[in-house]
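**Q** Read off the chains here:
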Amino acid sequence: GAVVSQHPSRVICKSGTSVKIECRSLDFQATTMFWYRQFPKKSLMLMATSNEGSKATYEQGVEKDKFLINHASLTLSTLTVTSAHPEDSSFYICSARLILAGLTSVYEQYFGPGTRLTVT
Amino acid sequence: AQSVTQLGSHVSVSEGALVLLRCNYSSSVPPYLFWYVQYPNQGLQLLLKYTTGATLVKGINGFEAEFKKSETSFHLTKPSAHMSDAAEYFCAVSEFSGGYNKLIFGAGTRLAVHP
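These protein sequences, in sequence, are chains G and R. What the first sequence shows, in the numbering used here, is residues 32 to 151, in sequence order. What the second sequence shows, in the numbering used here, is residues 403 to 517, in sequence order.
No lab work stands behind these hints, which were simulated from the structure alone. Incorrect hints may appear among the rest.
To be verified - Below, a list of computed lysine-lysine pairs in the BS3-like style, where the Cα atoms sit at most 30 Å apart:
(1) G:K73 / G:K97
(2) G:K73 / G:K95
(3) R:K504 / G:K51
(4) G:K72 / G:K97
(5) G:K45 / G:K73
(6) G:K72 / G:K51
(7) G:K72 / R:K451
(8) G:K72 / R:K470
(9) G:K45 / R:K470
(10) G:K97 / R:K504
(11) G:K73 / R:K471
(12) G:K72 / R:K460
(13) R:K460 / G:K86
(14) R:K451 / R:K471
(15) G:K73 / R:K460
(16) R:K460 / R:K470
(17) R:K470 / G:K73
(18) G:K73 / R:K451
(19) R:K504 / G:K72
(20) G:K95 / R:K504
Work out the full structure, taking the sequences as your base and the hints as a guide.
**A** In structure tokens form, the structure reads like this:
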């Protein structure tokens, strides 16, 4: 089946530093990946849609200058949390879209295992 | 905009009992519906999905869900709970917005299974 990996699985950083999280589709190409944020005991909030070779599309209320997304290849998207603060501590999950049957309207999202970010 | 409501943030059942997790959606177009399971500190795993065709959908681990258009529901069931089913379950609907199909998630239901 389709596998999506994330690296690192856990990261602790100091306030004011930047952290990069990688999302890779291991056995399929993904022109579109999604980045979610999950607060404790809460649902997933879509942050942005990452498109290979173009700018990401951010959801309303998400600071694009703080959460930098780069989708440089068909198998890799990165999320960089810039100038991290304790309130950025969260569980970040990516997913990759696998198009089925050659139809863009029929697809599945495969999720990575998540990255736990703690900002001290 | 579409939305998903999961009734009951916590559900507790005995091992071997029926599992019923409720999901209602709002959509102006025929929806694609999904159920995902999340174990602690892990990502989401797809249990099952409804796109078109048969309204009773069977998924992994013995789960199934029935799409009922008249009730705008997509409840998840399993005849006999197992201890390993304890997890967080999310219902989601696919929404086409900004040129992409996006998943809109419900708030989630935490399932506890006790001996």
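**Q** Check whether the Cα positions of G:K95 and R:K504 lie no farther apart than 30 Å.
**A** Holds, because 19 Å separates the two Cα atoms, which is no more than 30 Å.
**Q** Is the hinted pair G:K73 and R:K471 satisfied, with a Cα-Cα distance of at most 30 Å?
**A** Given that 30 Å is the threshold and the Cα spacing comes to 27 Å, the pair holds.
**Q** So if I understand the rule, the pair passes when the alpha-carbon distance is 30 Å or less; does G:K72 with G:K97 pass?
**A** Distance of about 24 Å is within 30 Å: holds.
**Q** Quick one, are R:K460 and G:K86 close enough, alpha carbons at most 30 Å?
**A** 38 Å, violated
**Q** Please work out if G:K72 and R:K470 have their alpha carbons no farther apart than 30 Å.
**A** Given pair G:K72, R:K470 holds - Cα atoms ~28 Å apart, limit 30 Å.
**Q** Between the alpha carbons of G:K72 and R:K460, is the straight-line distance 30 Å or under?
**A** 27 Å, holds
**Q** Going straight from one Cα to the other, do R:K504 and G:K72 come out at no more than 30 Å?
**A** Holds. R:K504 to G:K72 sits at ~22 Å (cutoff 30 Å).
**Q** Checking one constraint from the list: CA of G:K45 to CA of R:K470, max 30 Å. Satisfied?
**A** 49 Å, violated
**Q** Take a quick look at whether G:K45 and G:K73 sit within 30 Å of each other, Cα to Cα.
**A** Holds, at roughly 25 Å.
**Q** Given the hinted pair R:K504 and G:K51, is their alpha-carbon gap at most 30 Å?
**A** Holds: R:K504 and G:K51 sit about 24 Å apart, inside 30 Å.
**Q** Could you grab the alpha-carbon distance between G:K97 and R:K504 and see if it respects the 30 Å cut-off?
**A** Holds - the C-alpha atoms of R:K504 and G:K97 are around 22 Å apart, at most 30 Å.
**Q** Do the alpha carbons of G:K73 and R:K451 lie within 30 Å of each other, as the hint requires?
**A** Given that 30 Å is the threshold and the Cα spacing comes to 22 Å, the pair holds.
In this structure, the earlier hints numbered 9, 13 are contradicted, and the remaining ones agree with it.
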